[in-house]
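Start from chain A and add chain B according to the hints.
Residue numbers (my numbering), protein chains in the order written: chain A, 1 to 322; chain B, 1001 to 1406.
Incorrect hints may appear among the rest.
As the list claims (entries may be wrong) - The calculated EDC-like cross-link candidates involving lysine to aspartate or glutamate, where the alpha carbons are at most 16 Å apart (straight line), are: (1) B:Lys1052 <-> A:Asp3; (2) B:Lys1075 <-> A:Glu6; (3) B:Lys1075 <-> B:Asp1047; (4) B:Lys1033 <-> A:Glu45; (5) B:Lys1037 <-> A:Glu45; (6) B:Lys1075 <-> A:Asp3; (7) A:Lys22 <-> A:Glu45; (8) A:Lys191 <-> B:Asp1059; (9) B:Lys1075 <-> A:Asp7; (10) B:Lys1037 <-> A:Glu80; (11) B:Lys1098 <-> B:Glu1170.
Derived from the structure by calculation, the hints contain no laboratory data.
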Amino acid sequence: MSDRLEDFSLGKSMQSKGTIQKVGIVGCGTMGQELSVLISQSGIEVAFIDISEERVADVMLRIEAMLDDRISRWGLTGSEKKLIMSRISGSTDYQTVADCDIVFETVNSKKKGTSLELRQQIFRKLEAVISPTAVIASNTATLMISEIASVLVHPERAMGLHFFSPVSKVKIVETVRSVYTSDETYATVSKLALLIGKKMINVNESSGNISTRMLVPLINEACEILMEGVATVADIDETMKETSGLQLGPFEMADKIGLDKLLKWMENLYIEFGEQKYKPSPVLKRMVRANLYGRRVGEGFYLYQGDKRLVKHGHINNLGRV
Amino acid sequence: MKIIVLNCGSSSIKYQLFELPSQAVLAKGLVDKIGLKGSLIKHSRQDGVEVKLEGEILDHQQGIEYLLGVLISEKYGSIKSLNEIDAVGHRVVHAGEKFNGSVYITKEVIAALEECIDLAPLHNPPNLKGIYSITNLLPSVPQVGVFDTAFHQTMPDYIYLYGIPYSLYEKYKIRRYGFHGSSHRYVSKRAAEILGVDYSSLKIITCHLGNGASIAAIKNGQSLDTSMGMTPIEGLIMGTRTGDLDIGAFLQIINKEELDLSVANTLVNKHSGMLGVSGISSDMRDVEKAAEEGNKRAKVTLEMYYYRIRKYIGAYAAAMGGVDVIVFTGGVGENDPATRSFTTSNMEYMGIKFDEAKNKGLRGKEAILSTDDSKVKVMVIPTNEELVIAQDTYEIVESRKSQMTS
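Okay, chain A solo, but in the shape it has when bound:
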């Protein structure tokens, strides 16, 4: 017969109900991986879901590589890494997130066009397994949470939480309440934000929030300048970094985000607002058609070799290639 800790309670401290013990992540790409680490680092268990066993194994390896990289850059110790890894598990089975307090949807669809239906499907699948009080959050910035959540039986449990990469460094998260979101949902999300040390920037539901909506015209305009032959990719980037305090120039940023993803954002914004400034630049479309998605694939506006970013010397009509 073993004793239970609860038997020694004096009944004085409030049993804080609704404290976040476990968080789920559906779709564990770069954002999902970074979020997994941040959440686990805050002492919360993380269960992620991805499309295949191979992919799950690969994600675990990538998370480990990310932590090893931090160790080699002095930001983490070996024992801290062990602790972080011990709280992260992956699976293809939705049942593994059934006991989560919050589940994030952070999918990256490789398919063309909007990912609205895919995200709706995931929301529905999640609702079928999680507890009635659990929150479902989407990392989308350009789709409407209200629209995604409309397929839920309890749409009040859904919210938008738009994180930024690198998650470990960026101090804010854009939070979006849909037309349905309940105060309880908002409270749970606020608790998590506090636990993981992010400041919530509350945004009224609008495609692109603040960040994406500001970014898209900037990158589009950079493409215009490039197409007109006014300046080179590297010179545009350098000028913007030096004069605007940006950490990355518009093309460096585009390559880092992924041009395919960026194109989707632009299309979503264009559909929503119908404004010329969001209409994807032809340069960007051509690059995406040629599968030059940016850093992820080794080539975009720049070439990438390991950690190095190399300037492409060709004309933009040849997509920068010589």
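Frame of chain A; chain B shown alone:
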């Protein structure tokens, strides 16, 4: 008088239940992994009964509630009810310039400690959580704060100031504070007791060598200087901390490795010291073992470690105009004959005659390691910070009682 001593860390609470003045430890334990997965309490009673309880412990208050629950439980407890608890003593890391001794905790004291959070952002908040929790759970029980920095508040300005613009001291209280105060105070006093000499007439150098390490010059019963500064990074080479480091070199590292502030902090606190130089371990035993097996970097690590201590001993002897007693304490100081030997042998010119025979194999108990005719006494005294906290709490609560009745 029954006194609980609490040492609250970021995710753990170490506790002991003392009976004073007998100094008996009725029970002690550890609440671990607070707010994390797998939280637990490890508790042991004076008679050897032990228990490990696992479950959900979300915050410090809940952890303290459970440990109180265990203390009054029939099966594992040492007391029948919470009414038997006469006082609670807290270890608080940083009291800045606010307190030069232990204090009875009032609202004003709590406010003053809250102002010190900037000085020890990692340590003071959990210490304060312990105080808040006791205030909530045992509102009528007197509480006493015992500060790591307090003992060193006797350092004169020319020792505690840094060579930086004075306005930075005025604005942010950037200066040297020193740590391990309770330990330095306890072992230096105890040394005087053992030697039967007046504490206030001695020049004592105390070496607290643990995972964190500091050394103090105690002249006439007052701390004159200590090797840790504004933070615990300065001074001796430690398990994972650099100790003294040229700031220019540090700036160069930050520049070359493109480090941000938090990473730079991790580098000097967690990747450096014995671990960083040896590449083996932060644990003295592992490094010694590797050195014995011929590992050159392990060897140089040990030499660096010893040398830094010797250098401080020499400096502090000069600072005090001599030295009467050198005390070793802390995990390494109490248990590692090699460290004691390499840091104090061949120092006859200073009046230190070290007796290898007495040193050899001596671990974890009070002893005099110098020869009988040595002018300077070299001693080992196991530290007991919890007892210091309990005693201070006892004295402060007793004196308040007598003030109230008189």
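Verification of the supplied hints:
1. B:Lys1052 <-> A:Asp3: holds (9 Å)
2. B:Lys1075 <-> A:Glu6: Holds - the C-alpha atoms of glutamate 6 of chain A and lysine 1075 of chain B are around 15 Å apart, at most 16 Å.
3. B:Lys1075 <-> B:Asp1047: holds (12 Å)
4. B:Lys1033 <-> A:Glu45: The hint holds at about 13 Å.
5. B:Lys1037 <-> A:Glu45: holds (7 Å)
6. B:Lys1075 <-> A:Asp3: The hint holds at about 10 Å.
7. A:Lys22 <-> A:Glu45: holds (5 Å)
8. A:Lys191 <-> B:Asp1059: holds (14 Å)
9. B:Lys1075 <-> A:Asp7: The given pair, whose Cα atoms are some 12 Å apart, holds under the 16 Å limit.
10. B:Lys1037 <-> A:Glu80: Given pair lysine 1037 of chain B, glutamate 80 of chain A holds - Cα atoms ~14 Å apart, limit 16 Å.
11. B:Lys1098 <-> B:Glu1170: holds (14 Å)
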